[in-house]
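Respectively, the protein sequence lines represent chains L and S. Here our numbering runs 41 ahead of the position in the first sequence, where the first position is 1. Here our numbering runs 41 ahead of the position in the second sequence, where the first position is 1.
The hints are simulated quantities; they were obtained by calculation from the structure and are not laboratory data. Keep in mind that a hint or two might mislead.
It does not matter which identical chain is used: a pair holds within one copy or between any two.
Here are the simulated DMTMM-like cross-link-like pairs (lysine to aspartate or glutamate), alpha carbons at most 25 Å apart as the crow flies [unchecked claim]:
(1) 442 / 227
(2) 612 / 324
(3) 612 / 312
(4) 495 / 312
(5) 585 / 606
(6) 174 / 227
(7) 505 / 96
Here the structure is a predicted model, which is why all the values come from computation and not from measurement.
Protein chains: 2
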Amino acid sequence: MSKPYKGFEPAWFHGEVPERSYRSIFKWGDPNFIKPPKETLYTLMKDMFGVTDEDFKEYSENLGLDEVSFDLPITLAEPQLAAFRAIVGEAFVRTDNYSRLSVAYGKTMYDILRLRNKIVENVPSAVLYPDTKEQIEQIVSFCAKEKIPIYIYGGGSSVTRGVECVKGGISLDLRLRFNKVVNFNEVDQLITVQAGIGGPSLEQALNDAVARFGARRAYTLGHFPQSFEYSSVGGWVVTHGSGQNSTYYGCIQDMVLGQEYATPMGNIKTDQYPRKATGPDLDRILMGSEGTFGVLTHVTLKVSRHMPETTKRFSFMFKDWETGQAAAREIMQSEAGYPSVFRLSDPEETTFMLRLYGVDESPLRHLFHARGFRENEMCLFLGFTNGEKRFSRNCARHAAKVARRYGGMSLTGMVTRGWEKGRFSDPYMRDTIHDFGVVMDTMECSVNWSNLSKVHAEVRAYCKSRPNTVCLTHMSHVYPQGANLYWIFITRISDPEEFREYHAGILDAIQRSGATMSHHHGIGKMFGPWLEGSLGRNEFAVLKALKNHFDPDNIMNPGGTLGLDLEDKYKRFSL
Amino acid sequence: MSKPYKGFEPAWFHGEVPERSYRSIFKWGDPNFIKPPKETLYTLMKDMFGVTDEDFKEYSENLGLDEVSFDLPITLAEPQLAAFRAIVGEAFVRTDNYSRLSVAYGKTMYDILRLRNKIVENVPSAVLYPDTKEQIEQIVSFCAKEKIPIYIYGGGSSVTRGVECVKGGISLDLRLRFNKVVNFNEVDQLITVQAGIGGPSLEQALNDAVARFGARRAYTLGHFPQSFEYSSVGGWVVTHGSGQNSTYYGCIQDMVLGQEYATPMGNIKTDQYPRKATGPDLDRILMGSEGTFGVLTHVTLKVSRHMPETTKRFSFMFKDWETGQAAAREIMQSEAGYPSVFRLSDPEETTFMLRLYGVDESPLRHLFHARGFRENEMCLFLGFTNGEKRFSRNCARHAAKVARRYGGMSLTGMVTRGWEKGRFSDPYMRDTIHDFGVVMDTMECSVNWSNLSKVHAEVRAYCKSRPNTVCLTHMSHVYPQGANLYWIFITRISDPEEFREYHAGILDAIQRSGATMSHHHGIGKMFGPWLEGSLGRNEFAVLKALKNHFDPDNIMNPGGTLGLDLEDKYKRFSL
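One chain only, chain L, in its complex shape (with noise of 0.2 Å):
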């Protein structure tokens, strides 16, 4: 529970959410669970936006709490629907409207000011919640011959809608039953799972291995992106996810060693063993290609050892941009061992999160003084290592080394436990917001050392474009050649069309700036148009070319996901 305010606290929306209503679909994760913003946050909020407490008071947003209702055709046949009746069962074959839509958006902003807006555009007509590999696998060669269209929705977390049935068709929805272990090998440490099973139900089964599966020891995955409560293992291996921890225990591409899948043209299973050079490599000709050649079915993930007692954390301030940014440069070049969780913010984010988290309210502010620190220029620098004992001191022992060195100062563990506390709690807070009409969602994007001053710039002078706009910045997962740069923008819209077209006027900036627009959200429908322009015409003639031997009458997610069945006129070559 948070404290009262002291000064006036906006009505934050506290009531039921009903079953069967729109804000049941767009509200992030559990329905009953609610986090409004502390009254720091808040104030900060209106600072930052100029804004007062009269816009808040009263809400500016549809709730969405009527129950959803929209007139769309079920455009399968009788006889089609039959026979998904007889491959998942009578129960697992849903036609009503709100099954329909529950599948078919995902979690970028301009899904959810459509579904507050009660814009229902692109719905399945069934829904199908298969229980096993082999259902899927009928499921996909009976749609193959009948040409119907295959959607998948996993965690439903995608911000690039990813989900969304643009041809209408079927949707399998993993979540209700597609969703257990089913092998683990603590020898070669590896797991086995459905591709619907959810972040936390695969770290639990982990770190439970011994009374689970009777092994010698705990296990992590290590895979913590910030939608791992509402995601799926499927989800982050098709789009190429990253957790928060992927400095260390790296990104999904570097953990799954095996894949199957069900396509229009057959089931393909890869092997797993640990290295190979026998030809291109199946498992990455599959990865990231987010539900276009087929279905994911199971996934063979390699896993860690779970030593929660050796974590060090960190936090630094730097005297500004540049120079934490060379440190963390440093950092990742100077071969120590790489920390697990990896942040350096901007130096408006840092202001947020000073405050966010109290430091502004700390003896620490005067100590920045003291050491010629300025606010807006100073950049927080937060993380923690992981690993064998030694391991993670003496790789934190060196981070710390390093960052003396470039003129950091010293926060303790202090700012990384606050950030630790809300890191997967803070995206309840964005429907809260949302109710009084501002808007937050993030972008990201990809790019080397040598160009990231000059794409942080670039990217933010576009987003700050718009007035009042809050546009925070951190980099995170870091490599020796580069990192992630990720955007937090906060800002007031109400139209979907005028989120799309900010949407888009980021990733223009993006590509033109000499980055690439995903590290990790992957490209789905949203970003498809802008694919070819950034890979080139051959290159993403490949992907065509590997589009066309799967699937060759374009059943699975059709509709512009990473623009393979786009025509030209709808591509945007920003470069």
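Position chain S relative to chain L; hints supplied.
Relative to chain L, chain S alone:
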């Protein structure tokens, strides 16, 4: 210079190698460097084989000193040759027999036996020596139009018949001119090179980065295959090569961050972002294609800091293979950083190495006895660590700690130094010994921990089923999920076809035992018949679809490479 023998010394060939001779083609490396075995090794060979000095009194194989001579037609028309001359220059299109044969074979014993026996089957009509990427692009484009087969020759160390010009056409010999550094970027720690650059040339440039590029410090690629001195970057990339230090630095897949290819469907250039979620990874789609999609022209590689002073060597003796394996797995799974070189020999190789490095004549042998370690049971583990000083030290200490926990007895760094000394020159012995009919070749595979003992036992059993055959096995290139098993077999075979049959039997044994048939040698034409059986029919069809996209007329390395253009009847489905 080696010490004089006390007993009988065979007349190891020390003569000059005539310039246009067969020997100048099949001989490993520097034409003027000879490495005869030391007396200890010679004695050991006799013991292990059950042969005597008598067998080493006369050369039993053709020394290959005759000038190359064969009569195979040039099938290119004069206007085609003229077109090539216009692209690369008059002097850089050669059609003489010596040039043609010099790029037609690699270094599997099958190649060497054929050359010693003057069996010349497959040569190109012409050899081209391009200078620039643009020239290669023009050549490929011209050949695509004229349907002329293209082969590529990098360092020529292929052990899979990867370079063999089965369908004639042309071969691009990249050694002569396409071997330069294109760009060095210290901020991003990246180097871009022409694909024909050789290991030492690239490594020297990086070590000399301060003088050469005005860099702040020295760098290394960290890629040291045994073929280092005579292999090319392009060869490493297209075959998925690994160096002996891969456990720390990674395999070539981990080092490549950008590639350019000239393919019949056009030129391809991948981007160089540190990581991305923009659809299936083009770099991985192209890597491992072994010249069947196009010609790799430029490669951008990640580089690391060159810190030889931080190297920490270790070596241990374990009581047996199972104990050594368990310790190796624990080191790789305990997350204290990975050693760089990591090599565990099985009992037969251990016996061999102890004699090779003179350990069995040192006081250590008494210690083995005192510890109850038995010959033909005990296993030698050696390696070293790299990286930042404390990281490297901690990693070596941890390896030692684990080794001791598993009853390992430290041999200090002595044995490791012995191994390092011979790591690049040992291949020279192969030709010297072969003059007396003893063939020595290698096979390797990738396997998970849980199946490693089975694969070791079964493949070894096949190798040893041949009378008087030495089979030395070690584990190297190690991962948390498994390892590479590497077999060196030494036997007497004179007939190339008999060699091929034995080689095929080993491949069958690898597949049947549950390993994949190449960790880093690639597939080429020699392993091609097994690939579909190894991957599966639908899985293999994906590679064929890519092939068909890039090279619909099959002009790129045709004739069985990766098995892509083999009819089913030539394929081997061993499982």
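Are any of the numbered hints broken by this structure? If so, which, sorted upward?
none
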